[in-house]
Amino acid sequence: MTDDIRLCRTFQTAPAAVPKDDSAKYLVSALEAEGFQAPDWLVPDMEDGTAPNMKAEGLENTIEKVPEYDFPGEIWPRVEWSYEDEEYCEKGRNQIDRLVSEIGDEIDGVVVPKVGRLEDVERAAEVVAEAEAEHGYEDGSIGLSIIIETGRARSDLREISKFGEDSRLTALVFGPVDYAAELGGRDLGDGMPRWDGLLEALSNEASAAGLLSIGGPFDDLFKERAGLTYYNADDYADQVEHEAQLGLDGSWSLYPKQTVQANTVHMPTPEELERDVSKIERFNEAKREGTGAVTLDGQMVDEATFKNFRNTVQQVRAIDDIRPAQTEEYYDEELLTRARELELSYN
Amino acid sequence: MTDDIRLCRTFQTAPAAVPKDDSAKYLVSALEAEGFQAPDWLVPDMEDGTAPNMKAEGLENTIEKVPEYDFPGEIWPRVEWSYEDEEYCEKGRNQIDRLVSEIGDEIDGVVVPKVGRLEDVERAAEVVAEAEAEHGYEDGSIGLSIIIETGRARSDLREISKFGEDSRLTALVFGPVDYAAELGGRDLGDGMPRWDGLLEALSNEASAAGLLSIGGPFDDLFKERAGLTYYNADDYADQVEHEAQLGLDGSWSLYPKQTVQANTVHMPTPEELERDVSKIERFNEAKREGTGAVTLDGQMVDEATFKNFRNTVQQVRAIDDIRPAQTEEYYDEELLTRARELELSYN
Amino acid sequence: MTDDIRLCRTFQTAPAAVPKDDSAKYLVSALEAEGFQAPDWLVPDMEDGTAPNMKAEGLENTIEKVPEYDFPGEIWPRVEWSYEDEEYCEKGRNQIDRLVSEIGDEIDGVVVPKVGRLEDVERAAEVVAEAEAEHGYEDGSIGLSIIIETGRARSDLREISKFGEDSRLTALVFGPVDYAAELGGRDLGDGMPRWDGLLEALSNEASAAGLLSIGGPFDDLFKERAGLTYYNADDYADQVEHEAQLGLDGSWSLYPKQTVQANTVHMPTPEELERDVSKIERFNEAKREGTGAVTLDGQMVDEATFKNFRNTVQQVRAIDDIRPAQTEEYYDEELLTRARELELSYN
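Protein chains in written order, with numbering that gives the first Met the number 0: chain A, 0 to 346; chain B, 0 to 346; chain C, 0 to 346.
Everything labelled a hint here was simulated from the structure, so no lab data went into it.
In this text, a Cβ means the ideal position worked out from N, Cα and C, and glycines have one as well.
One or more hints might be untrue.
Simulated restraints on C-beta separations [stated by the list, open to error]:
hint: 1; chain 1: A; residue 1: 233; chain 2: C; residue 2: 346; range: 51 to 59 Å
hint: 2; chain 1: B; residue 1: 121; chain 2: A; residue 2: 346; range: 46 to 54 Å
hint: 3; chain 1: A; residue 1: 224; chain 2: C; residue 2: 28; range: 34 to 42 Å
hint: 4; chain 1: A; residue 1: 137; chain 2: C; residue 2: 228; range: 53 to 61 Å
hint: 5; chain 1: B; residue 1: 321; chain 2: C; residue 2: 321; range: 55 to 63 Å
hint: 6; chain 1: A; residue 1: 162; chain 2: B; residue 2: 195; range: 41 to 49 Å
Please model the entire structure based on the sequences and the hints provided.
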């Protein structure tokens, strides 16, 4: 990681059209979100989140509404695609062409779902490249993120990621529902598997290739108990914390409350920041005294340990650069100043 | 998955010869099994399940007994092989040649154990192809399934599976005992590892290549407690349920009671079937009313969620096609009729 | 596994120089260790364990002290390296050249950290080959072990291991601290992830390629509770036992007490040895009576099961060959004699 971290703590999909009087209601609501409810990435969804008979309207809503707002994060519409159905690829090609043509300056890239093996990802990248060239955008200016939700994409994850090192590929996002359906996974009472092997590989391959890795959606939005239906905050937080522990860069949000939680978890806590700022300060002090490998609180600090402390500080600096309102709300002013002024080199 | 699912809920090995007056006792007993005791696949075992000095007799038993029964599932004899010992490969070559020559019409394929890297699997496939051609069978009519039980086969699992896309390869079966011995795994009181990474990869690669994936044998058949020795039903069920959750298609059985359990777990419960039939019925209803993405019981249903419900129904239909006695015993007649008549397309 | 097992139960790093009056204090102390405190491999550490301003002195200490002792295990100095920083590779090249030139007869190889993809490992191997040739050592006489601690090395683990089949590559050692920093893993209160997928792959790929696999360091050396600071024996033992269960050959030690624990865990317990010696004795007895597949204590014994029992005995024989003092202290004399005299072939 360098100081110019690309943030995607939250990958929030919003249906691009819903069967209400105002069909762009959820899209607009996400574009207008403030504070911790504002996602780092907003994904106007023309795929599974929008009903088949509303998809055309979803595309028009996206083209119309996105330019009306000065959204503080990135915009990544999700189009249709399927490695096993040419009809969906053709729809995706048309959606990408319209989006680049009409609002190419407003979007950071497109999200392509249900990709198969490497060849299918290369083909999706080529579709973006063609739209880019056709409408006069600079090569590489429109990004591509993909949903990893097929056995084939998981099988080729390493090869797809290596392709991503030198391409427009930006983020690898997990899609557990389609994935479980492909593999035939079953809920026998304890829920679906977490697919820990896949999550660990996603974090690793993304890291090795300089890509972002994002967890999958959590759709048990509400719980019912003792007569009350309420937002399922606990189970979503558990999932997001598990993803953060494994080094995923962000989490999928379906809902403003989920966005608040994912933004928060993927942000060091004040205690973490205090702890790691303090460790670096004490390490820098010991280094000036020339004692070399230092023991702090019973733990030996070498260059590797040091990098972990530095990650914490760099993530806070990146959030602070882009969303100063969030860091100002979350951290003590004096701590934030120490984090900003800290010397971060090991040698 | 399509409607023509290839069933292998149970991969039951039976020693092809045992040192008893009737050396084919267990083989015949498996061929005669009825109801839930009848495995989907019966594997007459000429490898580790049969003593070295009984293997020749096991081959003769298989050739003699299999044609005498109209076994309702598939027959897959397991022969000898070892990537690291040419002598075993030569034995396997002879066994495959005899089996195809004598009962090629009666068997669905052969199971080859202890394969190494891709090249070794290709060689085993070539041995089957040669026997097929030599004895006048159509290309591809004799299948090949392999036991994944060496570090090399695990290392090449993706490449082996990709080879399987266009070959006679049919099932990937886990062999944990040889595998643990190769890796040097140890039981320090909590048992051997479950090898979760391998199981997840097995499910994924098999799915990506259109192959079947089968779990490994569970050999703690009996428990002793308070003076009584009894069948270890709980621990085997735990293993089979874990495999089903991960999307493995079936489990290994060493014993008729294990076959009952594995057949049952890899079959949706009446509650699962009722739940998923009902969800599809309500989804179809909502779709007719044009509301698109639907919320059922607090969960959003999109095309991906829908596929999971459909898996349940398709598996029941496949069992019902082949073993109507089991589905009639297990499900309410009215529920089974609803499952048979349901419209299963998302759009 | 064959009878000539290469032992590395313990991979003990010792800082090659520390800022004390006697800067070689820890290195000498490890060279002099006796009994269970003596590691199988001693790693004089010129990388992260030694302060930047002490590294030159660490190299001189290693060159001076190692030849003064007749260390009973192997000596593997760790040099500097980084796939992403040419400056560290240049330092590593000079350190390797000096070590081979001055004490090439005293060391078994060098440990290279922070390797990247396969090409970087090949380059490190080439650096060792050049030093070997330059100073007149036979090709392959100086080994190479690497720390797997980057996303790239994990991504290429299979390819790196296959390269290791026919090269000087000897051991794959996990480096969790740098690894977590690369992936951005976070401790949210439950500690860092164990990276189970990586550990399982490490065990598998090492086994498939005939390499050793070694776990990562555990640096929470001390615990504080109720006013007392004490050695954290429990948590280290948990980690080492987990590694042993997965089939890793050894564990990393930072401290003599850790060496005692890792040496012990990676050595079959007297109960395991008694159990497996007894099972092989009873199996051999049954085999002589011709009953073939045998049931012992409710578990069927086939060739695969048998290999697991044999692993136990072979590991004890290997330790006994090299460190008879440890086996004499640990096992009953009569049991050790039985283990030595047992017939270990299945057929």
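Looking back at the numbered hints, which does the structure fail to meet, lowest number first? Checked against the structure, the hints that fail are numbers 3, 6, while the rest are satisfied.
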